[in-house]
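Just so you know, the sequences run in chain order A and B.
Quick note on numbering: the first sequence equals residues 238 to 376 in this note's numbering.
Quick note on numbering: the second sequence equals residues 238 to 376 in this note's numbering.
I should point out that these hints are in silico values taken from the structure, not numbers from a laboratory.
It is possible that part of the hints are untrue.
One copy or any two copies: either way a pair holds, since identical chains are not told apart in the list.
[What the hints assert, rightly or not] Capping the alpha-carbon separation at 30 angstroms, the derived lysine-lysine pairs in BS3-like fashion look like this:
hint	residue 1	residue 2
1	Lys300	Lys243
2	Lys344	Lys274
3	Lys353	Lys268
4	Lys302	Lys243
5	Lys239	Lys353
6	Lys268	Lys344
2 protein chains.
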Amino acid sequence: MKLELKRIDDAFHLEATNEDGAVAYSDAAPKVGGSNKAFRPMQLLLMSAASCSSIDILLILKKQKQEVRDLQLTIEGDRDSEKVPSLFTDIRIHYKFWGHLSEEKVKRAIELSITKYCSASKTLEEAGAKITTTYEINH
Amino acid sequence: MKLELKRIDDAFHLEATNEDGAVAYSDAAPKVGGSNKAFRPMQLLLMSAASCSSIDILLILKKQKQEVRDLQLTIEGDRDSEKVPSLFTDIRIHYKFWGHLSEEKVKRAIELSITKYCSASKTLEEAGAKITTTYEINH
């Protein structure tokens, strides 16, 4: 897996390109002079874990013929602000499902994603973050 | 730090929004049915480490009155494909600088970023990735 990254202004606005030509942007925090135009690096870590888990869950529920009409989530991360570098200590994900879904299957899909399949959330866990999950199902 | 994530098609195309309203996209790998329109979760982890390190380096060199005309890099990650989840085992970053820069200062800025300041690359290291760096300076 390979990416290219380049600076695209005189400050910290960065553009990344993957091997398939998709483009994504990042930026520094305002307190160090970032222009706040794009996700900051630690936000990309949370986004990675949230995306990875969502994809796993959608795949698992699809295999079980559960039709997910919509999926949204919020992810919150706390960091150890006393330290440099400042890694995530606690991460909370709240999943919101829409569809006529089996609660048992949804619960199990979330559990399998976090404990077994998702490489991104596992990376954050291995680096010391405690991940907790909650969910709601809107029929 | 908080993000929202939502599915925006019937497959795995996801849209994330941060607290400042910036938007970013992710997608699944084609082999599981992703449409390849955006970065995959593990690509976001690499992008996070690359961005974080670039921002650190630009900040350090700015403090030292080193004028970086341009900065680009490539980042490559190997994963343990035998395992599920499949975490990064080796990450290689090659930085390309443009400007009349002190090689000693560039070298030290890269080192400080990876060993001391960058929370995103440290997260990947804590999760088992060995990170190696190389650089070139184009005057």
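Structure versus earlier hints, numbers of those that do not hold, lowest first: Per hint list: zero violations.
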